[in-house]
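Participant: Below are the chains, spelled out letter by letter.
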Amino acid sequence: MDLVYDWKAFTSVFGIRGSVPRRQDSGHVLVVADNGKVVAAYAESEDLTSWTGSRCEKMAAEMPHRKLVVLEKKSVDGLLEGALSHPHYHGQFEILAKNAAALTGAGASIREFCTFSQKHFLLTAMSGWWTRILPSYYGIFVSLGASRQVLLTVRKGQVESFLNPEGERPPLEAVKYLSEKHLLPVQGIFTSAEKWNKLSEAPNPWPGIFEAIRGDEIRLVPYNRKLLCLLAMKAYVGV
Amino acid sequence: MTPLIIRVILQNMRECETKLYPIQLLVNYWEFRQPAAAISGGSRRSSPIGEKLDQLFRSGIKHVTSFVPWHAVETDISHSLVRFLQAATERNMTVSLVLTPELGLHYPNSGLPKDLISDDCTARSNNGGKVVVNLPPNIFALPSFFSQHFNKRLHGYLVKMDSLLCDLDKTDPKISRNLSVVFSGGFWKYYNSAVPGPSGDFSPTASTAFRQEVERFFDDREFGNESPGTPKWKDLGLDSVNRRWFNQQAEEVFRGKVLHVFGRRAQTNQAGLARRTREVEIFTPEADPAFTYSKLLSELASGNPDAVRLSGLISAAATRCSSVAGSAYPPFFHWSSVGNWSSLPDSEKQFVLMKSFLLAAGRGGGVFMDEADWFSLPQAFRARMENLAELFTRGDIKIEHKAFYLSPHAWSACGPLWAELSRQNGFWSQVTADVEVAAHQTNARLVVVDPEYVFTRETVEKLSVLARRGLTVAIPKSHLFSAQARKELEYVTSQAPRIDITLGLHYKLYVVGEGKIVIYETQRDLLKADSAGVVKFIKDMLAVSEICEQVCVSDRSLTVVPAKLSSGDTAIFVLNESRRAVSGNIVFPRVVEVSDFADIFSSAVPVVPATIDSKTKGATAFSSRFSVEVGAFGILSLLLKEIKKTVRAAPQKSHELHL
Numbered sequence: 006m007d008l009v010y011d012w013k014a015f016t017s018v019f020g021i022r023g024s025v026p027r028r029q030d031s032g033h034v035l036v037v038a039d040n041g042k043v044v045a046a047y048a049e050s051e052d053l054t055s056w057t058g059s060r061c062e063k064m065a066a067e068m069p070h071r072k073l074v075v076l077e078k079k080s081v082d083g084l085l086e087g088a089l090s091h092p093h094y095h096g097q098f099e100i101l102a103k104n105a106a107a108l109t110g111a112g113a114s115i116r117e118f119c120t121f122s123q124k125h126f127l128l129t130a131m132s133g134w135w136t137r138i139l140p141s142y143y144g145i146f147v148s149l150g151a152s153r154q155v156l157l158t159v160r161k162g163q164v165e166s167f168l169n170p171e172g173e174r175p176p177l178e179a180v181k182y183l184s185e186k187h188l189l190p191v192q193g194i195f196t197s198a199e200k201w202n203k204l205s206e207a208p209n210p211w212p213g214i215f216e217a218i219r220g221d222e223i224r225l226v227p228y229n230r231k232l233l234c235l236l237a238m239k240a241y242v243g244v
Numbered sequence: 035m036t037p038l039i040i041r042v043i044l045q046n047m048r049e050c051e052t053k054l055y056p057i058q059l060l061v062n063y064w065e066f067r068q069p070a071a072a073i074s075g076g077s078r079r080s081s082p083i084g085e086k087l088d089q090l091f092r093s094g095i096k097h098v099t100s101f102v103p104w105h106a107v108e109t110d111i112s113h114s115l116v117r118f119l120q121a122a123t124e125r126n127m128t129v130s131l132v133l134t135p136e137l138g139l140h141y142p143n144s145g146l147p148k149d150l151i152s153d154d155c156t157a158r159s160n161n162g163g164k165v166v167v168n169l170p171p172n173i174f175a176l177p178s179f180f181s182q183h184f185n186k187r188l189h190g191y192l193v194k195m196d197s198l199l200c201d202l203d204k205t206d207p208k209i210s211r212n213l214s215v216v217f218s219g220g221f222w223k224y225y226n227s228a229v230p231g232p233s234g235d236f237s238p239t240a241s242t243a244f245r246q247e248v249e250r251f252f253d254d255r256e257f258g259n260e261s262p263g264t265p266k267w268k269d270l271g272l273d274s275v276n277r278r279w280f281n282q283q284a285e286e287v288f289r290g291k292v293l294h295v296f297g298r299r300a301q302t303n304q305a306g307l308a309r310r311t312r313e314v315e316i317f318t319p320e321a322d323p324a325f326t327y328s329k330l331l332s333e334l335a336s337g338n339p340d341a342v343r344l345s346g347l348i349s350a351a352a353t354r355c356s357s358v359a360g361s362a363y364p365p366f367f368h369w370s371s372v373g374n375w376s377s378l379p380d381s382e383k384q385f386v387l388m389k390s391f392l393l394a395a396g397r398g399g400g401v402f403m404d405e406a407d408w409f410s411l412p413q414a415f416r417a418r419m420e421n422l423a424e425l426f427t428r429g430d431i432k433i434e435h436k437a438f439y440l441s442p443h444a445w446s447a448c449g450p451l452w453a454e455l456s457r458q459n460g461f462w463s464q465v466t467a468d469v470e471v472a473a474h475q476t477n478a479r480l481v482v483v484d485p486e487y488v489f490t491r492e493t494v495e496k497l498s499v500l501a502r503r504g505l506t507v508a509i510p511k512s513h514l515f516s517a518q519a520r521k522e523l524e525y526v527t528s529q530a531p532r533i534d535i536t537l538g539l540h541y542k543l544y545v546v547g548e549g550k551i552v553i554y555e556t557q558r559d560l561l562k563a564d565s566a567g568v569v570k571f572i573k574d575m576l577a578v579s580e581i582c583e584q585v586c587v588s589d590r591s592l593t594v595v596p597a598k599l600s601s602g603d604t605a606i607f608v609l610n611e612s613r614r615a616v617s618g619n620i621v622f623p624r625v626v627e628v629s630d631f632a633d634i635f636s637s638a639v640p641v642v643p644a645t646i647d648s649k650t651k652g653a654t655a656f657s658s659r660f661s662v663e664v665g666a667f668g669i670l671s672l673l674l675k676e677i678k679k680t681v682r683a684a685p686q687k688s689h690e691l692h693l
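The listed protein sequences derive, respectively, from chains D and E.
Going letter by letter, the first sequence gives residues 6 to 244 in the numbering used here.
Going letter by letter, the second sequence gives residues 35 to 693 in the numbering used here.
Simulated from the structure, these hints should not be mistaken for lab results.
Just so you know, even glycine gets a beta-carbon here, dropped at the ideal spot from N, CA and C.
Careful, some of the hints might be misleading.
[Stated by the list, open to error] Straight-line C-alpha distance at most 30 Å; calculated BS3-like pairs for lysine-lysine:
1) E:K542 / D:K79
2) E:K432 / E:K598
3) E:K521 / E:K542
4) E:K521 / D:K186
5) D:K63 / E:K598
6) E:K148 / D:K78
7) D:K103 / E:K148
8) E:K521 / E:K432
9) D:K42 / E:K562
10) D:K124 / E:K542
11) E:K573 / D:K124
[Stated by the list, open to error] Now the stretches of chain D that chain E is said to cover, found in silico as 3 or more residues with beta-carbon under 8 Å:
12) 69-83
13) 87-96
14) 100-108
15) 140-150
[Stated by the list, open to error] FRET-style restraints, in silico, Cβ to Cβ:
16) E:S112 / D:Y228: 53 to 61 Å
17) D:E216 / E:S636: 35 to 43 Å
18) E:R428 / D:T109: 33 to 41 Å
19) E:G602 / D:E173: 53 to 61 Å
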C-alpha cells in the first residue's frame, strides 16, 4: 500500500533538520484566550504555562513591557475547522497560516509576531510565479540517498501528495519509473544530504544551487533547460 | 456504576494478561512496502520489513509493537500485516499489535477510514465545537464513539481482525505463540475543549444516548423512592453531574464491547486461546486538545514546541487512573514519530521522555515510541532507561499511591479539592473513578470523594469497608445520595464517635473500625481553589490519614516523583521542569541517608536492591535538608534510607544528574 501523504519522507527532505535554534526574545507573547482567560500562551524560550487559566488583563498588567497578541479561541477553532477540508498537513498548515495572518488580536496583529513557518525555498518557488511557466501537473523527485527521498506531486502550484518511492534506483531509471507509474512528468533532483541541508538553511540559497548544478553537486534528471533558466533568474535576478 | 455483565466479561478477559515491557518500540509495518519482485515469488528475507527486523534483531530487540491502522487493514490487498507477523516469527521475535484506534499514527486520519471523519460522525466538546487533532499527516476531527455508523464499522473491523488472527492460528500456530494483542481506551480521554469544564462527547448522538441512559439508570429501584432530600435525578439541572458518570460508564462499556467482539471467535477456537490479550491506557500528549493551541502558536511563530506544556500534560495524565473492578490499566505514553516531540532540543526531548517513562513505568506501564526515535537517543541515555525498565519489570521499584480522589469521571477536570490534594501530596495522589482501586492498593491511606459524585448504596458500603480497614474516607455532605445510600451512611455513622470541626471547611469526623469517615460541607463559597478552608481541610485529611509530608522542595520549578524499592527504601527523582538551572533545598520530615540512585541504574548491569548499600556506600550523606542544583530540564535521582536516631549533619550538596 502506498502512503500518499508520507509525512516522514516529506519532512526528511523539506523539514528543518533538528530543533529550531533559540531566537532572541521579540517581546511579544502569543495568547489564545477563551472569555478573557488564557488557554495557551507562547513566547519562544519562555515558560508561560503557569498563566493558563489566568485573566488576560492580569497577564498584561504583570508584563507591561511585553506586547500581548490575544487571539480568541473561537476564531482559532474556526481556523482549525476551516483547514479540515484539505487532505494533508502541509496544505492544511498553509491555509491555517494564511487565515491566521488575517486575524488581529487585542492590541496587535499576529502578523507582527509570526513568521508563519519558514517554508523551504523549493516549496516557496513552486507555489510562486513558476506556476505560470511549469506544467499544471508534475512531479518533483528529490533524492538525498535511499533513506531520504520524496516524490512531490504538484497541481497548479499546490502540493497534492508526497510519497516515498520504494527502493533505490539509478537516477535516470528512477525518474523514468516514477513518471510511468504516476503518469506525470517528473523532474529529479539528486544531491547529497549534506549539500541539501546547507542550502536549506541558507538565507538565499539560489546562487548556491546554481553553482552546485554547474559543479555537478546537484544533478537535474532529466537535464531541464527551462528549470535551469528559472533557477538562474532566482540566483542572479532575485525573482 | 459499571454494569455487572461488562465487569464479568472484562475480568474473564484479563485473566490471561501479562505485563508489557516498559519500553515498547514501534515498527510501522505499513511503511515497508513489498517490492513487486518479491510479491511475485521473491525471497521473503529480502523484503524491506524483513531487513528492518533483521537490523533490530542485531541491535538486541526481540519484541516489537505496531499499531494497526484500521483503514490499512481494510485496504490491505498485499497482506502486509500477515507478512510482517510472518517475518517477525521467522526471526523468533514477539509482536504486540495495538488494535484499538489510537492517535499519532503515521497514517492519514491516524488510521481511521475516511467515511468516519465525516461531519455526521464527529464528536463535539462541551462548547459544541469539533475535537480537532492537530498532528500530521493531517489535521482531522475526532469521530464520536456513540455514532451508530462508527460502531457498526468498528464491529466489522474487530470481527475481521479476530478472523484474520484466528486463521493465522490454524495455518501458522507459531505466529500465535509470538503474538499478543493490546487494547486501549480509545479517544475518550481526548474529548474535551481544552478549557476547564465538563469533558466528554456532547454530539447529538451522545446526547441521545445520555438521555436514554439517565432514564434507564434512575428507573432502578434504588432511585425510585423519592423521599424528601433526594433530588429529581432526571432533571436537566443535574445534567452536568450525570454527564460525568455517564461518560465514565460509556468508556467502560466501550472497552467491554471491544474485547467481547474481538474475542468471540478466539474463545471457540482452541488455538486462539494461546493469543494473549492485554489492556492498557495509551495517551499521546501531543494529540491532547490542550496541546493543540500551544502547538499551533509555536508553529505559526516557527518556534520550538513548548516542552513545559508537554510536561504539564504528562503530569496531568499520570495522575489519572482508568480501571475496571479495581484493576488499573497500565498507563503508556505514546511519543509519536509525527509529532513535535522529536523536534525538541535534545535535553528537553530526553526530559519529557524520561518523565513520562518514570511516571508510567512506576505504575506498570511505560512508553511507546518509534524504533528510529529510540535509536536516535544517546547510547548512555538508552542504557539508563533500559536499566530502569529492568528494575520496574522485576518489581524492584514502583510508584505507590497513598491518597485517591474519587471522581465520577476519570478524565474530567476535578474541583479545588483535587487541585489542593495534588499540590500538597504530589504524585502520591491519584484520580480514579473506581472505588475499588483504593482497596487494591495496600498502602492507600486516604480517599477524598468529589462533591459531584452520585452515591448508591453499593458505593457507600464499599467506602465504609475501606474506612473499617483503616483508611480515611472523606465524603461530601451533598444531596447526590440515593435514599438507600443515605440510610446506609447514616447507619454506618450513627454509632461511631464523632468530632465536629467548624474552622474553615466544616466537617464531621467519625471513627469507624480502624479508620475514619469524614463528612464535609460542600458550600460553594468555601469550596474555592486556593481558599484557606480547602488548604486546611486537605492538610487535616493528610494528617488524619497519617500521610506525612514525605519531601518538600523549596522551588516551584522542582517536582518530585517518589518510588518505593522492594528493599523498603525510597528513591526520589527531582525534576526541574524549567529552562533555567535551579538551586533549591529538599527537606525531609526526618533525617535520612541519601545517596545517588543514578549509580544503580547507570551501571551496565542493574544491581539488585540487596546490593544497593555496598554499591553506594562511598557517596552517602545524612541530613533532613539538602541543597541541590538541577540543570535546565534535568533530573536528579536520590536513594533514601530513613534513619531512626537523629544524626546531626551539615547540609550536603547532592550529586547532579544530567540526562
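Participant: Within a Cα-Cα threshold of 30 Å, do K148 of chain E and K78 of chain D meet the stated pairing?
Facilitator: holds (27 Å)
Participant: Starting from the range 35 to 43 Å, see whether the pair E216 of chain D and S636 of chain E falls in it by beta-carbon distance.
Facilitator: This hint is violated: roughly 49 Å between Cβ atoms.
Participant: Within a Cα-Cα threshold of 30 Å, do K521 of chain E and K542 of chain E meet the stated pairing?
Facilitator: holds (17 Å)
Participant: For the pair supplied as a hint, K521 of chain E and K432 of chain E, is the alpha-carbon distance within the 30 Å limit?
Facilitator: Since the Cα atoms of K521 of chain E and K432 of chain E sit roughly 40 Å apart, the hinted pair is violated (cutoff 30 Å).
Participant: Can you let me know if the beta-carbon spacing of S112 of chain E and Y228 of chain D is within 53 to 61 Å?
Facilitator: Between S112 of chain E and Y228 of chain D, where Cβ atoms are some 36 Å apart, the hint is violated.
Participant: Checking one constraint from the list: CA of K542 of chain E to CA of K79 of chain D, max 30 Å. Satisfied?
Facilitator: Distance of about 45 Å is beyond 30 Å: violated.
Participant: Would you mind confirming whether the straight-line C-alpha gap from K63 of chain D to K598 of chain E stays at or under 30 Å?
Facilitator: Between K63 of chain D and K598 of chain E the Cα gap is close to 42 Å, so the pair fails against 30 Å, i.e. violated.
Participant: Between K432 of chain E and K598 of chain E, does the CA-CA distance stay at or below 30 Å?
Facilitator: holds (5 Å)
Participant: Taking the beta carbons of G602 of chain E and E173 of chain D, is their distance inside 53 to 61 Å?
Facilitator: Holds, at about 57 Å.
Participant: Keeping to a limit of 30 Å between CA atoms, is the pair of K103 of chain D and K148 of chain E held or broken?
Facilitator: Holds, at about 26 Å.
Participant: Assuming the hint says 33 to 41 Å, is it satisfied by the Cβ distance from R428 of chain E to T109 of chain D or not?
Facilitator: With a Cβ separation near 58 Å, R428 of chain E and T109 of chain D fall outside 33 to 41 Å, so the hint is violated.
Participant: What's the verdict on K124 of chain D and K542 of chain E, does the C-alpha distance respect the 30 Å limit or exceed it?
Facilitator: violated (64 Å)
Hint compliance for this structure: hints 1, 4, 5, 8, 10, 11, 15, 16, 17 and 18 are broken, all remaining hints hold.
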